[in-house]
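> What follows is the residue order along each chain.
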Amino acid sequence: MQEAMKKRAKELLASGEVTRVIGWKKNEFDYDITPAVFESAEEIDRDFRYDDFCGPNLSKFTFKNQKNDTKTLVFLKPCDTYSMTQLITEHRVNRDALYLIGIPCFGKIDIEKIRADGTDGILSIASEGADVTVKTLYGDKTYVKADVMAERCLACKSKYHTIYDELMGEEGEVMETGRFNEVEKLEAMTPDERFGFWRGELSRCIRCNACRNACPACTCESCVFDNPDTGISQKAAADSFEENMFHIIRAFHVAGRCTDCGECSRVCPQHIPLHLLNRKFIRDIDKLYGEYQAGEEVGQRSPLVNFTTDDAEPDIVRKGGK
Amino acid sequence: MPISEFKPKIVAFCCNWCSYAGADLAGTNRLNYPADVKIIRVPCSCRVNPIFILRAFQRGADGVILCGCHPGDCHYTTGNYYTRRRMTLLFSMLDYLGIEKERTRVEWVSAAEGAKFAAVMQDFVKTVTELGENKRLEDRRCKKP
Amino acid sequence: MVRISLDSVNALFAAIAEREALYIPTDTAPGIAQFKKWQSGMEMTERLKTSRSAKDFFFPQTENLVDFKVSGKKIDIIDPREETEDFVIFGVRACDAKSFEILDRVFLSEPVDTYYQNRRAHGTIVTLACSRPSESCFCQTFGIDPAAPGGDVSAWKREGFLYLEPITEKGRTLLSGLSALLEECPEDAVEAEKESIRGILKKLPLASLTPDAFGGGKTEKYFDSEKWKSLSEACLGCGTCTFVCPTCQCYDIRDFDTGHGVRRFRCWDSCMYSDFTKMASGNPRLTQKERFRQRFMHKLVYYPENNDGIFGCVGCGRCVEKCPISMNIVKVMKTLGEDET
Amino acid sequence: MNAETLIPKVGVVTEVRIDTPDIKNFRVVGTDGKKLFVHKPGQCAMISLPGIGEGMFSITSSPTNTEYMEFEIKKCGCLTSWLHKIEAGQEITVRGPYGNGFPVDDAFVGRDLLIIAGGVGLAPVRSVINYCRHFRDRYGKIDIVYGSRTKEDLAFYEEILHEWMSPEEKDVHVHLTIDREEEGWNGHVGFVPNYVKELAFDTDKTVIMCGPPIMIKFTLAGLKELGFDEKQIYTTMELRMKCGVGKCGRCNIGSKYVCKDGPVFRMDELSELPDEY
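Residue numbers (the working numbering), protein chains in the order written: chain A, 1 to 322; chain B, 323 to 467; chain C, 468 to 808; chain D, 809 to 1085.
Hints were generated in silico from the structure; no laboratory data involved.
One thing to keep in mind: the hints can contain errors.
Restricting the straight-line Cα-Cα distance to at most 25 angstroms, the calculated cross-link-like pairs of lysine-lysine (DSS-like) are [as the list claims (entries may be wrong)]: (1) K319/A - K287/A; (2) K540/C - K893/D; (3) K457/B - K503/C.
Distance ranges between label pairs, derived from CB positions [as the list claims (entries may be wrong)]: (4) N338/B - E170/A: 30 to 40 angstroms; (5) H91/A - L1007/D: 52 to 62 angstroms; (6) T400/B - E90/A: 18 to 28 angstroms; (7) T581/C - C884/D: 29 to 39 angstroms; (8) T142/A - G885/D: 39 to 49 angstroms; (9) L154/A - S663/C: 49 to 59 angstroms; (10) E487/C - C884/D: 42 to 52 angstroms.
Ideal Cβ placement from N, Cα and C applies to all residues, glycine included.
Please put together the full structure from these sequences, using the hints given.
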């Protein structure tokens, strides 16, 4: 696939159809991937990469690096297309300046899972079919890909592309992989257990804002947490309250717009399962206001800027009616 | 602190057009409701950002209640419909984080429902008193030494 | 040099904790190790690095500076500090131990930061040699030797034993109080371990990285480099690298109104944040390129210029592992340094 | 210096004077009624209202004023807006003095001085002016070029008229200018950089300059045209600051910290720094 993508990108550059290509490039190690803008065939030949480590969602990168006066080619994995569709719905990117190519994804590897297994001193990693071979300073290891795949990919919601100008490879389908299982497990706990669980997780937060800055739905010019006039601007959680507040509000601000791309959890340096907050909102919305998948099509109306006259009352939470 | 001594601090956001007038009516009719309820008047229940609710807890509230016009009666036609969705999701999230779900409430109180206002407040204060001090969503810096 | 069987290391921890607070790195989540106050039953992590550096002990993420009581036009100032107690940090790696020296040059230079100084005076550092360095490690680039990790006491793990060697007076005091648990051993007991570590160091993928192209006086050379743009284009402007970095020391001072007073606290800040230099009259660093450049210029050029050529990086590799888009000081050094050759 | 640099002292604002429509002058003493600390001309202090914020301001009074300190503050942000609301008797917190100050006791001694300021930029150099007037014999001729948008925007106008321009002053020459023609103004009209060129000073002077960046830029060019060298020109800078002691990293430009190594820089030192201010 990588070679086909490179070839197509170079063709489009050569024909003048596009002047920039947004894709991924390899960095220091096999698993280090950086989103990048390519402007020439030489750059593409040298650096362009697409493999099982290309996790970063290019939609946010496109939003940050967009140019109106020229056409940009963007490669999008299925889950990235949802974010892109949402950005277009919200008029945050200029669709006319983009040439979108949908590409298949077979699940991305989470290097942190390999590290958590105690594997260190990694010299190279190769992913072939179901096998992931890791060469390290301290001996070689082989993993089954499913064991080291990112959590978000194990619970992949869709292999289908919601938007593209051109598709490479086969179109996939929306899937049911039990992505709400973890949420349900938490819901089944007692409040004390849930409180304990979230305290344990959120107390690791270092307020680096990576979750916010990586999120394709977080595109405000100035975030409420950076605005001193709000009275809640914080640089660090000086009290456990602020950890709760930040994460509730972060998730709330993207509720109804979050496509569940999982970038927040991927980037968290402290491995906090932030997607479980977003998925709770998605789950509640689905149950209370009807199934809704943000980023499914352009022009959808988010459930939080919508209503019906017979919506459930907030009491439903207290009375446990759902 | 023994429960008998515990007086909860309650913040009540009331919409200007219905619930605030309802509270006023409760007052003019000399209906009793606990003095621990601090009313904050807002133009519409929809004005209440989830951050307001959390900030109230941060600054020492033990319970937060939001009162607005009955659905369909909003002065701005549809404001409270949005409130209803937002608060449902917020309360559900608080519950998900293990924070007592009885500490938050939304009630629809019209300008004519002075008695309802008093009854709701009495009931809410009673519920929160039974729960005791807000510990799970407190900011220790804001506790008076 | 003294040693103790690794099976009895818990007894050693208990003995230290009896006298002062003891912190050890322990696993708090899959793949995450953090320093935690030792309690009976807590196991030391097998991981090489804690996810956050050890700078927290001396320069915590948030810290209360001063309290104000405001009434009418009157202001009362209250120093909220309580006496800091002695504490021991066990299992600090060589890179983190070196980072304290870099922070010292900032916080202990005139005018001395007494908050930092106080903690520094009360802390005893027990370092642990890195038997299995990671691919992201490049401490040797900055002349750090993880086989001789420094600190107040240096420790090595080897064949079922923990070897300890006091380096400073503080370290000798700590060990002399524990002598009942420790047995004397020859001074060269860890030579084989040191050799093994140094052998691995040569094989690390970043072993050839050198800082020679950088240092004081190179501002003009790199400041206007064309390369900053492409290096910084993917930067999210988050604070991950800054907050996991053992040498980043920028902070913010903020006021928090508690409802019954005003608490002035300081907290870590990041030069990567868009509001870092924002003033009422504008912002001198308008794009991420400038913020990104500042962080690396500071570590590689400005800091050495002011500190006898010592670089503001210890090669711990945390930023290499943690950056969401895998852009880091190694890449910056390699890309900018290319021109040298 | 205070051993606890980050813990401020309480200061009392004894007088608030409206100087121009957007500039107020604050007199500050300690709670004991005495001056809080001794400073050098050009040094700054961190002033705060707890809960609002803290900001770096230059001390506009001369060290020779032994009774109180003065701050000249223009309303432009959050903290300054609050400061503009306070009345006499209000307590604030003050810490300092910070920065290097002007070399009034070495490099300036025996020199003819040319002081150029625009708008509220007069605040830091007023300290120098009054210091030099106090020790008049140590310095040569003093020329002051000061400009503002309009007549009413001229800071310290009364003091300029009645003290600096007083006939009793020895060899102090004040050249005022405003940006546009205005009724009741018979002085010079035009921008400061042009006025400096028109006045065509001889180059045997030390220049002290403070004002908006655009004024600095063009005045510097004008001075160079007249034959001045960068080594003769001093200016004072402003960047966002938090700690005031060169540790928080905010005002770092190149290897310098404006709060500690500045705010006063000689132009040749400044041009060596990266262009990030």
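> Hint by hint, note whether the structure agrees.
Status of each hint after checking the structure:
1. K319/A - K287/A: The given pair, whose Cα atoms are some 16 angstroms apart, holds under the 25 angstroms limit.
2. K540/C - K893/D: holds, 12 angstroms
3. K457/B - K503/C: holds, 24 angstroms
4. N338/B - E170/A: 30 to 40 angstroms: violated, 58 angstroms
5. H91/A - L1007/D: 52 to 62 angstroms: Taking Cβ atoms as reference, H91/A and L1007/D lie about 55 angstroms apart, which means the hint holds.
6. T400/B - E90/A: 18 to 28 angstroms: Holds: the Cβ-Cβ distance is about 21 angstroms, inside 18 to 28 angstroms.
7. T581/C - C884/D: 29 to 39 angstroms: With a Cβ separation near 33 angstroms, T581/C and C884/D satisfy 29 to 39 angstroms, so the hint holds.
8. T142/A - G885/D: 39 to 49 angstroms: violated, 60 angstroms
9. L154/A - S663/C: 49 to 59 angstroms: Taking Cβ atoms as reference, L154/A and S663/C lie about 38 angstroms apart, which means the hint is violated.
10. E487/C - C884/D: 42 to 52 angstroms: holds, 50 angstroms
When the structure is compared with the earlier hints, violations turn up for hints 4, 8, 9 and for no others.
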